[in-house]
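There are 2 protein chains.
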Amino acid sequence: MEKFIAFNPVKLHFGKNAAENIGSAVKKVTDNALLVYGRKSIKENGIYDFVAGKLREAGVRFTEYHGIKANPVVDDVEKAIILARESNCGAVIAVGGGSVLDSAKIIALCAKGNHDPWKVMKYEQKPDSALPLFTVLTFAGTGSEMNQFAVLQNQITGEKIGYGNNLIFPRESFLDPSYTMSVPANQTAFGVVDLIAHSLEAYFGEGEAHLTDRFICSIIKEAIETAPLLMNNLNSYELRERIMWAATCALNGITLTGRKSGDWGVHDIGHTLSYLYDTPHGATLSIAYPAWMKHMKSKLEDRIGFLGFEVFGVSNANETIAKFERFFSLIGSPVRLSEAGILQKNQDEIFTLMKKNKISGYFHKLFEDDYLKIIELMK
Amino acid sequence: MEKFIAFNPVKLHFGKNAAENIGSAVKKVTDNALLVYGRKSIKENGIYDFVAGKLREAGVRFTEYHGIKANPVVDDVEKAIILARESNCGAVIAVGGGSVLDSAKIIALCAKGNHDPWKVMKYEQKPDSALPLFTVLTFAGTGSEMNQFAVLQNQITGEKIGYGNNLIFPRESFLDPSYTMSVPANQTAFGVVDLIAHSLEAYFGEGEAHLTDRFICSIIKEAIETAPLLMNNLNSYELRERIMWAATCALNGITLTGRKSGDWGVHDIGHTLSYLYDTPHGATLSIAYPAWMKHMKSKLEDRIGFLGFEVFGVSNANETIAKFERFFSLIGSPVRLSEAGILQKNQDEIFTLMKKNKISGYFHKLFEDDYLKIIELMK
Numbered sequence: 045m046e047k048f049i050a051f052n053p054v055k056l057h058f059g060k061n062a063a064e065n066i067g068s069a070v071k072k073v074t075d076n077a078l079l080v081y082g083r084k085s086i087k088e089n090g091i092y093d094f095v096a097g098k099l100r101e102a103g104v105r106f107t108e109y110h111g112i113k114a115n116p117v118v119d120d121v122e123k124a125i126i127l128a129r130e131s132n133c134g135a136v137i138a139v140g141g142g143s144v145l146d147s148a149k150i151i152a153l154c155a156k157g158n159h160d161p162w163k164v165m166k167y168e169q170k171p172d173s174a175l176p177l178f179t180v181l182t183f184a185g186t187g188s189e190m191n192q193f194a195v196l197q198n199q200i201t202g203e204k205i206g207y208g209n210n211l212i213f214p215r216e217s218f219l220d221p222s223y224t225m226s227v228p229a230n231q232t233a234f235g236v237v238d239l240i241a242h243s244l245e246a247y248f249g250e251g252e253a254h255l256t257d258r259f260i261c262s263i264i265k266e267a268i269e270t271a272p273l274l275m276n277n278l279n280s281y282e283l284r285e286r287i288m289w290a291a292t293c294a295l296n297g298i299t300l301t302g303r304k305s306g307d308w309g310v311h312d313i314g315h316t317l318s319y320l321y322d323t324p325h326g327a328t329l330s331i332a333y334p335a336w337m338k339h340m341k342s343k344l345e346d347r348i349g350f351l352g353f354e355v356f357g358v359s360n361a362n363e364t365i366a367k368f369e370r371f372f373s374l375i376g377s378p379v380r381l382s383e384a385g386i387l388q389k390n391q392d393e394i395f396t397l398m399k400k401n402k403i404s405g406y407f408h409k410l411f412e413d414d415y416l417k418i419i420e421l422m423k
Numbered sequence: 045m046e047k048f049i050a051f052n053p054v055k056l057h058f059g060k061n062a063a064e065n066i067g068s069a070v071k072k073v074t075d076n077a078l079l080v081y082g083r084k085s086i087k088e089n090g091i092y093d094f095v096a097g098k099l100r101e102a103g104v105r106f107t108e109y110h111g112i113k114a115n116p117v118v119d120d121v122e123k124a125i126i127l128a129r130e131s132n133c134g135a136v137i138a139v140g141g142g143s144v145l146d147s148a149k150i151i152a153l154c155a156k157g158n159h160d161p162w163k164v165m166k167y168e169q170k171p172d173s174a175l176p177l178f179t180v181l182t183f184a185g186t187g188s189e190m191n192q193f194a195v196l197q198n199q200i201t202g203e204k205i206g207y208g209n210n211l212i213f214p215r216e217s218f219l220d221p222s223y224t225m226s227v228p229a230n231q232t233a234f235g236v237v238d239l240i241a242h243s244l245e246a247y248f249g250e251g252e253a254h255l256t257d258r259f260i261c262s263i264i265k266e267a268i269e270t271a272p273l274l275m276n277n278l279n280s281y282e283l284r285e286r287i288m289w290a291a292t293c294a295l296n297g298i299t300l301t302g303r304k305s306g307d308w309g310v311h312d313i314g315h316t317l318s319y320l321y322d323t324p325h326g327a328t329l330s331i332a333y334p335a336w337m338k339h340m341k342s343k344l345e346d347r348i349g350f351l352g353f354e355v356f357g358v359s360n361a362n363e364t365i366a367k368f369e370r371f372f373s374l375i376g377s378p379v380r381l382s383e384a385g386i387l388q389k390n391q392d393e394i395f396t397l398m399k400k401n402k403i404s405g406y407f408h409k410l411f412e413d414d415y416l417k418i419i420e421l422m423k
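For the record, the sequence lines run as chains A and B. The numbering of the first sequence is my numbering, which starts it at 45 and goes up by one. The numbering of the second sequence is my numbering, which starts it at 45 and goes up by one.
Keep in mind that the hints are not guaranteed to be accurate.
Note: identical chains are not told apart, hence a pair may lie in one copy or across any two.
Said to hold, decoys possible - For lysine to aspartate or glutamate, the following EDC-like pairs were computed, each having C-alpha atoms within a straight-line distance of at most 20 Å:
hint: 1; residue 1: Lys402; residue 2: Glu383
hint: 2; residue 1: Lys60; residue 2: Glu252
hint: 3; residue 1: Lys265; residue 2: Glu354
hint: 4; residue 1: Lys166; residue 2: Glu203
hint: 5; residue 1: Lys60; residue 2: Glu250
hint: 6; residue 1: Lys423; residue 2: Glu46
hint: 7; residue 1: Lys265; residue 2: Glu412
hint: 8; residue 1: Lys423; residue 2: Glu383
hint: 9; residue 1: Lys47; residue 2: Glu64
hint: 10; residue 1: Lys156; residue 2: Glu250
hint: 11; residue 1: Lys399; residue 2: Asp75
hint: 12; residue 1: Lys170; residue 2: Glu420
hint: 13; residue 1: Lys60; residue 2: Glu46
If you are wondering where the hints come from, they were derived from the structure by calculation, not from laboratory data.
Generate the whole structure from the sequences, applying the supplied hints.
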């Protein structure tokens with residue numbers, strides 16, 4: 045094992061009506077908050093009214109910033125920071141999925157000292173404090189609710205990048221699985237792919253960590269056992285609950301202990317596709333992961349084989365990869381570019397952007413020759 | 045799943061030389077600490093000198109309380125509280141195993157407001173703050189380094205009881221597996237039994253929590269695969285490391301999410317034996333758990349069977365229990381009272397103390413008739 049620090053201060057409330065105490069939780073730190081959310085869905089399904097009601101009951105007034113996009117952009121974050129500063133907000137409340145939570149993390153980090161969010165994301169500015177962040181999760185997959193990471197894209201520079209900082213751990217997160225009941229089938233599947241991909245990025249990181257491997261395989265097995273049942277029964281609270289908790293565990297730290305880092309090369313490939321075609325994050329990952337594993341097979345034969353044995357009970361790398369592909373297809377997530385509507389003629393621009401952004405994993409380095417082969421395998 | 049709050053604010057440093065930053069960590073909160081430890085071993089193996097040196101380097105002075113017993117008593121805690129108050133200490137540093145850490149938790153909790161430790165343990169007094177606690181672990185098994193629990197015994201009232209409070213989470217814990225290298229074979233085995241028993245108490249708690257079950261089985265498998273290798277190679281850093289991290293995970297919260305609570309009935313039986321015969325904690329558990337499972341077998345046939353399948357690949361409850369017994373014996377931990385030197389004639393006093401203390405699990409309730417049968421099965 046590598047030396048590590050295990051640290052996760054998030055207070056996470058999980059279960060039916062988990063959000064009922066959000067008002068009193070926020071009130072402990074401020075009576076004036078910025079409420080961040082996406083499009084209209086939380087107004088349609090009653091979540092907005094519930095949260096707003098609890099805030100008002102507790103005497104917390106709030107300014108709203110809404111319109112965060114599914115692939116969140118730094119432009120929105122900049123505007124929200126201005127709003128938070130003008131309104132003198134003492135906390136940020138995010139209600140939504142990963143895009144809203146990630147945006148809110150950077151808003152909370154930059155609003156206090158009036159930092160430039162993209163410079164912060166590039167580690168060119170280093171804030172030394174952040175506004176307290178509270179999250180109400182409406183989508184299972186991101187893991188953002190219990191970690192210190194955020195991903196944003198910048199339409200001007202052509203980048204979609206990840207960022208980590210202990211200051212952006214949410215103070216408290218509220219997870220009510222019933223808030224995910226109205227998530228449609230395709231989005232539900234993309235969330236499942238995302239949580240599996242988070243687990244795999246950790247699994248393929250650098251270093252030997254046996255118990256961590258077991259935890260990772262546990263999470264993937266839980267998802268693979270539960271998701272097909274859920275796809276056939278989207279109204280099952282019990283199945284929504286299992287996926288929601290698995291998604292949190294896939295990126296709350298327990299899959300990363302004892303390794304230098306995860307790999308994250310496949311996520312970077314996925315970000316390239318999302319940036320170019322606005323392809324949903326999970327959909328990019330079900331395309332990129334099988335291709336990446338095929339490309340890495342000779343180098344990672346044993347590692348992929350062990351994973352297959354633990355998760356599927358199969359005995360080699362080829363079968364493992366085939367099982368993942370079949371699973372992704374079964375739940376309705378694409379496994380080829382064409383299935384996501386990305387055409388043969390787009391190949392060049394994918395390659396060009398990968399080159400420009402020097403796409404690579406932290407551990408398994410990728411170069412131009414790898415890009416070409418992986419793109420070929422995604423076709 | 046049951047509603048739950050996942051919360052664990054401990055900052056845990058793990059790996060070789062993990063304790064090198066203890067001085068600067070403590071210095072952030074105080075320059076005057078109480079250093080608590082057990083007998084002489086940390087002076088013999090150099091851990092005392094290392095920690096004391098780091099504290100001095102950082103400009104932290106300290107008062108010492110030593111002599112905490114292997115089965116820790118409230119009497120020591122009372123004396124240490126007086127010392128901490130007289131010395132006006134701003135933090136408590138525990139260097140040792142579970143007994144030292146548990147004692148230090150109650151010292152830190154009671155010293156600030158001058159509370160009575162036994163009244164606190166019985167929830168008759170409720171402190172609203174505690175001194176910050178730092179721990180340096182020298183023994184794998186307890187889990188105390190990353191949780192909010194403590195166990196103490198009271199020689200006057202004849203009780204050994206557990207206590208939980210978020211105020212007693214250590215602020216930072218330092219785990220260097222090389223500090224456990226000098227732990228002798230029998231104590232090493234008892235630590236392994238303890239971590240397995242913690243996992244089992246969680247497993248047999250109330251409620252259905254699938255992913256939590258997988259995590260629990262992962263920890264038990266890790267211990268069962270690693271411990272026999274370690275017993276044959278006590279100087280292996282890598283194996284010490286695996287057991288140490290498994291022990292932390294067995295009681296840091298991830299085995300408890302989604303259940304109302306663990307059961308803890310077997311721990312209470314074990315505490316009875318420790319109290320009466322000063323039997324090491326782990327040794328009491330390798331005796332009590334197989335007996336408890338045999339007694340519960342008809343009620344928990346499927347549950348014990350699933351555990352056996354996941355951990356040992358066997359298919360029923362009888363085989364599962366036999367596997368656990370064989371494993372405990374293999375690593376040298378007793379599975380019968382007689383093997384721990386507890387005689388037939390002692391049976392009555394065990395029964396009497398169990399009755400007096402109303403020994404029971406939280407979920408699987410135990411009554412007098414159960415006591416008799418379990419004692420019979422421990423013989």
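Hints violated by the structure (numbers, ascending):
1, 6, 7, 10, 11, 12
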